[in-house]
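Visitor: With positions in the sequence shown counted from 1, the corresponding number in our numbering is that position plus 7.
Please keep in mind that the hints were generated in silico from the structure rather than gathered at the bench. Glycine included, each C-beta is placed from N, C-alpha and C at the ideal position.
Using C-beta positions, here's what the derived DEER-type ranges look like: (1) S135 - E19: 24 to 32 Å; (2) A154 - E44: 21 to 29 Å; (3) W136 - T171: 31 to 39 Å; (4) G17 - H148: 14 to 22 Å; (5) T42 - Q93: 23 to 31 Å; (6) E125 - P83: 22 to 30 Å; (7) D91 - R155: 14 to 22 Å.
Straight-line alpha carbon distances no greater than 25 Å define the calculated SDA-like cross-link-like pairs of lysine to any residue that follow: (8) K137 - D91; (9) K137 - I120; (10) K137 - R75; (11) K137 - S126; (12) K137 - A124; (13) K137 - P83; (14) K137 - N78; (15) K137 - L127; (16) K137 - F92; (17) K137 - R74; (18) K137 - D88; (19) K137 - L147; (20) K137 - V85; (21) K137 - Q81; (22) K137 - H90; (23) K137 - Q93; (24) K137 - E125; (25) K137 - S87; (26) K137 - L82; (27) K137 - H148; (28) K137 - H151; (29) K137 - E152; (30) K137 - G79; (31) K137 - H84; (32) K137 - E80; (33) K137 - I150; (34) K137 - A89; (35) K137 - V68; (36) K137 - A94.
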Amino acid sequence: MERIGPPLTGNERETLRAFLDYHRATLAWKCEGLTDEELRRASMPPSTLSLLGLVRHMAEVERHWFRRTVNGEQLPHVWSDAHDFQAAYDASGSTREEAFAAWEAEVAHARLIEAAAESLDVTAYVTSWKEEASLRLVMLHLIHEYARHNGHADFLREAIDGTTGA
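Sequences are here, hints too, so could you generate the full structure?
Guide: Structure (structure tokens):
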């Protein structure tokens, strides 16, 4: 995934799309060059958070917001039969190949759904909020979610091999 900074003068949709892709690419970059064991390495007790757990979680988040919410698809979670987003964080038996394949597939679906939407004003019912939300809000929510978790990824990566920087 190429990491390109957002345009400085793009329109709203181009800017949101670019910021979301920038954050997606940042998560992938934080995982580059690491073994499966390193990607599964937990932060510090009692937390079990790992880079691979973050990738798995973001696959669930992409799937939920774009496919289930915006597109109205009736889909199960990738890693939970109980509709549990937290289950994705348990990457103890996961591999880079498995986690990244799921995440990249969900990102590809999300891009297609966003591109097909007539405008950022398209709305969808958000079950947990019991209200309609616009595609604009969904994209902003995903940007926020990635930004927050990329902060976690910074610390996790530094603890593994000392690599810093975003």
